[in-house]
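Undergrad: Sequence:
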Amino acid sequence: MTDLPPNAQNSDNHDVAQDLLRKLRQKQGTWVEWGTAIAQLQKFGYDPQAIFEATGFEPIQQNQVIVGAQVYNSIEKAGASQAVRSHYTTRGSDVLYELRLLTQEERAAAAELTFLHKLDVDEAREVAKAVKDFSRFPTLPEGFENHPGDAVAYQCWKLARQNSDLQERSRLIAKGLRFAHSQTARKQIEQLLTDFTVVPKRPAPLLPFYRLDSEEELPRIIPVVGELPLTPQELKAVPIVEGIEPFGMVKFAGEQAWVALPGWQILLSAEDPVVILCKSDSEALLRSADRLPNQTQNSSQVLVVVDRDQREWDSNSYFVVDNSGELDFQWFETAPEIHLLGKIIVIVRPKKILDENVTKDFWQIDE
102 MTDLPPNAQN SDNHDVAQDL LRKLRQKQGT WVEWGTAIAQ LQKFGYDPQA
152 IFEATGFEPI QQNQVIVGAQ VYNSIEKAGA SQAVRSHYTT RGSDVLYELR
202 LLTQEERAAA AELTFLHKLD VDEAREVAKA VKDFSRFPTL PEGFENHPGD
252 AVAYQCWKLA RQNSDLQERS RLIAKGLRFA HSQTARKQIE QLLTDFTVVP
302 KRPAPLLPFY RLDSEEELPR IIPVVGELPL TPQELKAVPI VEGIEPFGMV
352 KFAGEQAWVA LPGWQILLSA EDPVVILCKS DSEALLRSAD RLPNQTQNSS
402 QVLVVVDRDQ REWDSNSYFV VDNSGELDFQ WFETAPEIHL LGKIIVIVRP
452 KKILDENVTK DFWQIDE
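So the sequence shown is numbered by the working numbering: it starts at 102 and just counts up by one.
To be clear, the hints were calculated from the coordinates, so they are not data collected in a lab.
Here are the computed lysine-lysine pairs in the DSS-like style, where the Cα-Cα straight-line distance is at most 25 Å:
(1) K453 x K380
(2) K259 x K302
(3) K259 x K288
(4) K219 x K276
(5) K302 x K230
(6) K230 x K178
(7) K230 x K380
(8) K233 x K444
(9) K233 x K276
Just so it is clear, the structure is predicted and the values come from calculations on it, not from any experiment.
Please put together the full structure from these sequences, using the hints given.
TA: Pasting the structure below:
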């Protein structure tokens, strides 16, 4: 029997939790019910690993069905058709998961579209991105209506106009005509069959990557005991500070942490800088300019330094925005209508050390 968390010790929670675990273990009900059950178990205090050991649902699968179930419930509340609800009751948790960043109404409309066109998870991700980008327009592009089909059609229309390759252009036109919901959107796309004008795409600016290259740029944070006179007890009271690699970040009591960075002018001039930790191939960084022009394929932890004081748009910078309750990095070709939370001023890579053991051998350093 799975050990019970503290808040699942009372008899009521114990009975409910054991019943939920049994149903999950036996795969009873729909995947939507599984997601609801796993979410309830987590509220009882069960961690994903404990649920996995008791039911066989891996943590990544737990997250997918929990979020997917939340999306399903929202499209049900938004009035999705019976056919859509019936379809997604038995399958498609991965597809609905991709719609998580949309509003309730957008989710319902997008779910109708994914059902109508029998889209897979990758295509659903494209639909969600197109709908999210489309929602940021202060006024809708000429000829396109507020519908997920027209949102996808607009993306195809825009990309086709920027593409000089006739084969790729034809593919995008065909895709746009497939998804276009309104007759006016269809007409806009059909015009590309005779108008071969290429509208150059403005390249996204390069993200401001820096790398720590020299030892002088790797400061060490040392705790301060105080000013003399001091007692032995005061000396002993200072906790041991251990830097967390690869940036030497230091954590103290509580949740706050600090990291030391070199005194680059761009950091010294920042009014309200904060640091966000992420992977260099994280979804937020890759999504900010599709495949970044100065991005490598290797995944490494990076520090994204954001100046929260710089909230005025300019076309040569990336910004932090609120993307349906989650922080996201975005570049905007034109001034956006949404509120900007801060400007990315520096992205710092860790120092590349080919042989870390060399730095520990003084005789090798001296030579």
